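> Required output: the full structure, derived from the provided sequences and hints.
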Amino acid sequence: MEKILLKLCVNGETCQVAVPPNKLLLDVLREDLGLTGSKRGCDDSSCGCCAVLIDGTPMLSCVALAASYAGAEITTVEGLAPPGELHPVQEGFAVSGGAQCGYCTPGFLIATKALLDRNPQPTLEEIREALSSNLCRCTGYMQIYESVRLALERWQQVPRTAAASPTAAQGSQ
Amino acid sequence: MTLPAFSLVRPQTVAEALRVLQDAAPGQAKVIAGGTDLIPNLQMKLYAPQLVVDIKGIAALRGIEWSPGQGLRIGALTTLTELERAPIVREQFPVLAEAVAAVAGPLQRNMGTIGGNLCLETRCLWYNQSEFWRRALGGCLKLPMPNPHAAHPRTICHVAPGGKFCWAVWSGDSAPALLALDAEVEISGPRGVTRRPLRELYKNDGMDRLALGHDELLTAVHIPARAAGRRGTYRKLRIRNSIDYPLAGVAVAMEVDDQGICHAARVAIAAVNPAPLLVPQAEALLVGQKASPELIEEVARAVTRTGKPLTTSASTPEYRREMLRVFTRRALQACWDRRDNVEHERDTGD
Chain A
900 MEKILLKLCV NGETCQVAVP PNKLLLDVLR EDLGLTGSKR GCDDSSCGCC AVLIDGTPML
960 SCVALAASYA GAEITTVEGL APPGELHPVQ EGFAVSGGAQ CGYCTPGFLI ATKALLDRNP
1020 QPTLEEIREA LSSNLCRCTG YMQIYESVRL ALERWQQVPR TAAASPTAAQ GSQ
Chain B
6 MTLPAFSLVR PQTVAEALRV LQDAAPGQAK VIAGGTDLIP NLQMKLYAPQ LVVDIKGIAA
66 LRGIEWSPGQ GLRIGALTTL TELERAPIVR EQFPVLAEAV AAVAGPLQRN MGTIGGNLCL
126 ETRCLWYNQS EFWRRALGGC LKLPMPNPHA AHPRTICHVA PGGKFCWAVW SGDSAPALLA
186 LDAEVEISGP RGVTRRPLRE LYKNDGMDRL ALGHDELLTA VHIPARAAGR RGTYRKLRIR
246 NSIDYPLAGV AVAMEVDDQG ICHAARVAIA AVNPAPLLVP QAEALLVGQK ASPELIEEVA
306 RAVTRTGKPL TTSASTPEYR REMLRVFTRR ALQACWDRRD NVEHERDTGD
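Read top to bottom, the protein sequences are chains A and B.
Positions in the first sequence are counted from 1; adding 899 to them yields the numbering used here.
Positions in the second sequence are counted from 1; adding 5 to them yields the numbering used here.
Hints may be right or wrong, so weigh each one.
Stated by the list, open to error - So, partial list: chain A residues that the calculated Cβ filter (under 10 Å) puts toward chain B:
hint, residue
1, Gly940
2, Asp942
3, Gly947
4, Asn1033
Hint data in this document are derived by calculation from the structure and do not stem from the laboratory.
Only a predicted model underlies this, so the values are computations on that prediction, with no experimental measurement involved.
Cβ atoms here follow ideal geometry from the backbone N, Cα and C, with glycine treated the same way.
Written out as structure tokens, the structure is:
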């Protein structure tokens, strides 16, 4: 199969990859770009572990052909905060124990980030609805909703342009 | 898993897409928009197209336009999320807003399009399985996989053994709502652009579901202005409430005056036949009438006569038929009581 030369914009960096047309975005992120934060769970679009932001909208990279998203702005869990720092959403999950085995966490973080970008004051019902594409097989949903609530508090405290530092997370415990 | 090998083209205009579809051999090209139906089916090796035509780049197929004279025009690439959030849809076409919000989960709706949702592949317990699983049974009518070691070396329908008809179920949510709103689809093809009633798009055949040529493209959906403001609601049965295909769906749209008299009514069902269907007797039974338990029960019985659930899903046909009746009753009562707000609690059959 002939490969296609693609320009992808991932986490703010433009990169070129040569991929076959049947390669999924999830596989290009994990195999060609080494971004293994996005996970393969169900592989048929029903678990949300592979969620990434495409032009700011959360989508499932396991049902996206990489070649279809050439030129789009893609954000994976690795791109939520600069290296060594945590995004307020990640802080919320870290502090409230929003991760058990952790496999579904990247997808939840991406879906939460997209929710708070769109709706900075979500109700519990809106949080549940926004996260309803994501499946946690450890079934730790209560801690996850608590994490989102905490993330919301941090989100409102930090200036929107800068990500919070990890020390801020420790300070509030 | 890897997808079967194919070439990919990304046309930027409808004309370019039609040219590509015309040049491809019949059955050798698959159109992709959101990908939420096609990619899992490719993963299961349900098809092996030579060519995949990605139409997402066609800007002319996006957007919702409303005009009081012309009605609502929805571009085929409009995502289900865009449709669900559009104020005009929420205010004037509540049955559609509810049905679209019931499709899968929010991430799937960010990808899935209205055109794709109307053109969904039919589904069956015996078809939507891995290649390995299907081969062990010798495949089925919809996708034969001859296997001399299988229990039935001859390809049979596992739902209705001995039958020659495929009962795979049309399992979408938006079509019953659009049928209840008298929607039409705009089809672009080599003979130009035509509009036909949505109900004529479906052939009620699990194997050959759509009256859409291999060289044609569904480019828009139109809802006539007369359907604006109809009270409406959609009720859906599914195993997993956060994300699942329907096991039965009932859409109701009605005009009711201040005295509680019904002036127009449509009841449509999905996920129990190889096509989404309008219930033919519903309108005649309801128009000119006021709500009464006897009337509602009579309509519910007519609905269960139209629905033909079989063993195509993990749920039993008896349960799905009974839920058609229950949902019809609740949906009609809700319309009469004007509990038609999209914010109402989801009816999940509990």
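> Now tell me if each hint is right for this structure.
Hint-by-hint comparison with the structure:
1. Gly940: Since chain B brings no Cβ nearer than about 12 Å to glycine 940 of chain A, farther than 10 Å, the hint is violated.
2. Asp942: 6 Å, holds
3. Gly947: Holds - the Cβ of glycine 947 of chain A comes within 10 Å of chain B, reaching about 6 Å at its closest.
4. Asn1033: Since chain B brings a Cβ to about 8 Å from asparagine 1033 of chain A, closer than 10 Å, the hint holds.
Violated hint for the displayed structure: number 1, the only one.
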